[in-house]
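**Q** Sequence order for the protein chains is A and B.
The first sequence begins at 1 in the numbering used here and counts up one residue at a time.
The second sequence begins at 1001 in the numbering used here and counts up one residue at a time.
There could be a bad hint or two in this list.
Said to hold, decoys possible - Covered by chain B, per the in silico footprint, the following chain A stretches (three or more residues, Cβ under 8 angstroms):
#1 10–16
#2 207–216
#3 248–258
#4 297–308
Said to hold, decoys possible - Some residues of chain A that are not near chain B, with every Cβ distance over 12 angstroms (derived):
#5 41
#6 70
#7 71
#8 102
#9 115
#10 119
#11 153
#12 155
#13 168
#14 186
#15 199
#16 242
#17 277
As the list claims (entries may be wrong) - Straight-line alpha carbon distances no greater than 20 angstroms define the calculated SDA-like cross-link-like pairs of lysine to any residue that follow:
#18 A:267 <-> B:1267
#19 A:220 <-> B:1272
#20 A:220 <-> B:1267
#21 A:117 <-> B:1265
#22 A:116 <-> A:131
#23 B:1206 <-> A:265
#24 A:220 <-> B:1206
Note that these hints are calculated values from the structure, not bench results.
The structure displayed is predicted, hence computed values, not measured ones.
No residue lacks a Cβ here, since even glycine has one placed at the ideal position from N, Cα and C.
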Amino acid sequence: MSALIELDRVTRTFQTPAGIITAVDAVSLAIEKAEAICIVGESGCGKTTTGRMLSGLLRPTSGRLLFEGSDVWQTKGDELARFRRAVQLVHQDPYASLNPTRTVYQTLSAPLFRHKKARGRQQALAALDDILRRVGLVPPADFLAKYPHQLSGGQRQRVAIARALTVDPRVIVADEAVSMVDVSIRISLLNLLLALRDEFNVSIVLITHDLAVARYFASKGRIGVMYLGRMVELAATESLVSDPAHPYSAALIAAIPEADPTITRGKERVPLRSAEVPSLLALPPGCTFHPRCPLAEAGLCDVKVPELLPIPVNREVACHVAVRERTGAKEAALV
Amino acid sequence: MPVLSVRGLSIDYSTRNGPARAVRDVSFDLEKSETLAIIGESGSGKTTLAVGLIRLSPRGAKVTAGQILYTSKDGVTRDVRDFEEDDLREYRWAECAMVFQAALNSFNPVITIWDQFLDTGRAHGLRDSRKVHERASELLDLVHLDPRRVLPAYPHELSGGMKQRVLIAMSLMLDPQIVILDEPTTALDILTQRSIIDLLGQLRAKLGFSMIFISHDLSIAAELADRMITMYAGRIVEEASVDDMFYRPRHPYSVALLRAVPRVSGALGNVTSIPGSPPDLVRLPPGCSYVPRCPFAIDACRAQDPPLLAVDTPDHVAACIRWEHVAAAIGSNAEIPVAEKLA
């Protein structure tokens, strides 16, 4: 099955006053139709830049963005417009992403008119009645005349999701879409996104720093872990959280404080050799995690950049040591 | 003898529509070297309470009732509400230090870390800059930062985790008995969160101060708290030891909060958001204010706001007349999280 949307070895550099930084370095990611996938990582890992390239807002310095097999940055006119409608972004901060001087009706009807999905107020109202019901803002009539300041954080985020839905998207990229809403309602927003995926077969890419949120959201999908611009592990969610292959994924999972006193106080830590995160301006040679990695081998990890390679079962990892041990282990088991 | 004893504290905000009852009749004790976590949604009154404890409430907030009894290092107990300006200055950093939620913005951006230490020292009568330097270096060592690198730096030159460490170091400068931390790990990366939590645990063991955490993040409570308080609509609705709260909660709101948080380790269980939203604090419903969102509610819940009742053990209280029904649904076995029990 060919992917719906795909990043093919995309790299993105930025010019900063202190020099050129590589925010994303040769990342490949193929997303299927109706897939729920999460990209996780700490600040500066390139997850937001990856999301912006995926949604076509940022042109890769090198590499390709493919949508239904065609190179998006080589298309124009109607085909490009089709891509623009097909991929929608939901931003982190619903306080900043909605225009405060526009009512919900104004915010949501604009894309309907722009993309000729509705002609006139009556058609727009009918379409919005349906969309607002789907995102749980009921009764819709109560919300259409409201301004963002009259809504709670959760309601605003629902409006932002409704806006993405106005153009029948195929892919929604949600960048930290639940991190600014109260803990008590995060799950309901994630459930809303998952329900939309089921109902409309839309693929959803959730970008988050919170592995617990990622685990819940992509419980039947995949999680990609990024570190300093590279994808270091990509695996089915349950195998990633229960048996991380990359030492960085393992360190993250071992470090997460959990909402359970017995589990969290009894966690076995992965000791890192250094707490310092290298600067993007001066990345270490070879594997960028090697100065902190407990498994690092001199002469290998500090020299050669590890590729993201398949290991059993159905997962990929960018680590010389993990690839050697996990593929070796499988061969040994077969003998 | 508790170091801090809050009795019947109520704080209102004046609004155009009348007083918003942000904190209602709150009582609790904080023992020496104890760590207390106060949890609740935004708008539950936890930050208003914390800021009220050091009398830094914003204009428009009014303490309408209650006492904040503080027992100083020399054993004298006084009501913080009676303090004059001088007493307050002493109390605020030397006795009870607060690390604020917007921690990453709580530095003056145009002066170095050293000058921030010096300013704080001066405001509290430490005029000998050599002594301040010694103390600052000692504290930065304690929070695992290199004083030679950090003291001459400006805030923007430090990472988020380093700034949080500096703030913790500064809060300890005058050797306070109580440290209040408002969302101390929010907005930090995972590995940084972990190092801050471990650091707070080490400092508490070494220096023996009492801590109050204000957080919507249950994991920091699970890591560090001895006791926990759940707040809803300005009231304490449950108070319990950390294990009782996590494994045997008796107030439906505590149960709902615990169920709303997914985990990375162990079974996922039946995670669910809390339906509805918190009540308007200007027009609180009669009776228990959680009724509109509560799956256990009956007519009697609407008649009267329930008092805190002893449940299971004398140290465990919950403001719910239906707590036995909650107990029947949750059970009493230890170490099985709520989300799994209800799965």
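**Q** The output says residue 102 (chain A) does not contact chain B. Does that hold with a beta carbon cutoff of 12 angstroms?
**A** 23 angstroms, holds
**Q** Hey, residue 116 (chain A) versus residue 131 (chain A), does the alpha-carbon distance stay inside 20 angstroms?
**A** Holds, at about 16 angstroms.
**Q** Regarding the assertion that residue 70 (chain A) does not contact chain B, is the least Cβ-Cβ distance greater than 12 angstroms?
**A** 37 angstroms, holds
**Q** Regarding the assertion that residue 41 (chain A) does not contact chain B, is the least Cβ-Cβ distance greater than 12 angstroms?
**A** About 9 angstroms separates residue 41 (chain A) from the closest Cβ of chain B, which leaves it inside 12 angstroms; violated.
**Q** For a C-alpha distance cap of 20 angstroms, please report whether residue 220 (chain A) and residue 1267 (chain B) respect it.
**A** Holds, at about 14 angstroms.
**Q** Verify that the Cβ of residue 71 (chain A) lies farther than 12 angstroms from every Cβ atom of chain B, and report whether the claim holds or is violated.
**A** 35 angstroms, holds
**Q** Tell me if chain B covers the stretch 297–308 of chain A under the three-residue, 8 angstroms CB rule, please?
**A** Per the Cβ count (0), the hint is violated.
**Q** Does residue 168 (chain A) sit more than 12 angstroms from chain B, CB to CB?
**A** 27 angstroms, holds
**Q** Could you let me know if the closest chain B CB is still more than 12 angstroms away from the CB of residue 119 (chain A)?
**A** Per Cβ check, residue 119 (chain A) is outside 12 angstroms of chain B; nearest 36 angstroms; holds.
**Q** For a C-alpha distance cap of 20 angstroms, please report whether residue 117 (chain A) and residue 1265 (chain B) respect it.
**A** 45 angstroms, violated
**Q** Verify that the Cβ of residue 155 (chain A) lies farther than 12 angstroms from every Cβ atom of chain B, and report whether the claim holds or is violated.
**A** Nearest chain B Cβ is 9 angstroms from residue 155 (chain A), so the label is violated.
**Q** Beyond 12 angstroms from chain B, beta-carbon-wise, is residue 277 (chain A)?
**A** Residue 277 (chain A) is in fact no farther than 12 angstroms from some Cβ atom of chain B, at 8 angstroms.
Checked against the numbered hints given earlier, this structure breaks hints 1, 4, 5, 11, 12, 14, 16, 17, 21, 24; the rest are met.
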